[in-house]
Amino acid sequence: TQLPHGDCPTLFPLPRLTPGSSAPSGAPLPTHVHKAGGDQGDAAQVGVWRDGAPGTMGSWEPAPGSSSVLLDRGQSHAAKDFWDPVKQRRLLWLWGFSSPAGKTRSSLLALREVTYHATLQRLVYAPIEELSKLREGVVASLPRPAALRPGGAPVNIRAGAAVDVELHFAVPAAASTLAVAIGGVGSVYIEYSPPPPDARSSSYTVGVGFRSSQAEGPHYEDQLPLLRTDDHLALRLLLDNSAAEAFWQG
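Numbering (this note's numbering), first residue to last: 142 to 391.
Some clues are possibly wrong.
Ranges of calculated distance between the beta carbons of each label pair, as one might list FRET restraints [as the list claims (entries may be wrong)]:
no. : residue 1 : residue 2 : range
1   : 346       : 270       : 36 to 42 Å
2   : 277       : 360       : 30 to 36 Å
3   : 338       : 225       : 41 to 47 Å
4   : 225       : 314       : 37 to 43 Å
5   : 181       : 307       : 27 to 33 Å
6   : 357       : 161       : 39 to 45 Å
7   : 332       : 200       : 27 to 33 Å
Note that these hints are calculated values from the structure, not bench results.
From the three backbone atoms N, C-alpha and C, an ideal C-beta is built for every residue, glycine too.
With these hints in hand, go ahead and build the complete structure from the sequences.
Listed below in structure tokens is the structure:
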């Protein structure tokens with residue numbers, strides 16, 4: 142299969158497994174990750190790469206059932222990987238669009254580590270662990286969980302222009318929407334629905350995304366895979382003046 146070229150293409154070995162994940166018994170793992178940019182943004186796919194004989198091309202076989210998945214819902218570009226030989230990890234630099242409509246202005250996004258979740262069979266992008274060391278302390282504390290009740294008043298957190306916000310919720314017993322509003326710009330959310338009780342799969346998906354507070358503003362939605370063994374939902378926001386990055390489940 143011919144590899145698509147696109148913007149800033151790269152092919153690198155499968156990164157280390159996401160902590161807590163494991164490959165199904167007897168199931169072979171992909172060997173490489175291919176990333177290429179296009180009109181819709183950067184996209185990555187896992188598969189098996191085989192070197193060709195000297196003077197010939199190698200071969201690429203996408204992993205069964207996999208597809209080329211957009212990074213950041215198409216709101217990033219020119220991503221480039223970097224191998225960290227000290228901590229033995231694969232890092233990813235990338236640019237994010239400051240203006241979703243025009244895609245003309247960019248800012249460098251938080252450095253991420255790429256891992257492969259073998260149970261979910263997908264790539265995972267997480268802020269590097271060093272970012273947590275930039276925290277200077279707790280700037281706000283939430284009230285008791287009882288205050289976060291359906292239909293209750295929102296809980297306000299006063300913070301600065303550059304904040305690292307991390308929230309953890311117990312998995313709800315019923316369908317629920319958990320949202321964090323960012324000033325008057327919009328909100329990042331999790332739309333949770335319990336998995337069917339008779340499903341055989343070890344995982345299920347819930348809706349996540351961003352909604353603008355303006356009627357004609359951008360709205361991005363995605364599907365977040367959860368394991369049936371997950372007992373909490375996690376949402377992390379990296380806010381830096383006019384830029385915001387959201388991460389779910391790490």
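The hints, checked one at a time:
1. In this structure the hint that residue 346 and residue 270 lie 36 to 42 Å apart at CB is violated, the actual value being about 27 Å.
2. Between residue 277 and residue 360 the CB atoms are about 33 Å apart, so this pair conforms to the stated range of 30 to 36 Å.
3. In this structure the hint that residue 338 and residue 225 lie 41 to 47 Å apart at CB holds, the actual value being about 43 Å.
4. Checking the proposed 37 to 43 Å range against residue 225 and residue 314 shows it holds: the Cβ atoms sit about 41 Å from each other.
5. Distance hint for residue 181 and residue 307: a CB-CB separation of about 30 Å, consistent with the stated range 27 to 33 Å.
6. Separated by about 41 Å at the C-beta atoms, residue 357 and residue 161 satisfy the suggested range of 39 to 45 Å.
7. Our hint of 27 to 33 Å for residue 332 and residue 200 is violated, since their Cβ atoms are close to 41 Å apart.
Checked against the numbered hints listed earlier, the structure breaks hints 1, 7; every other hint is satisfied.
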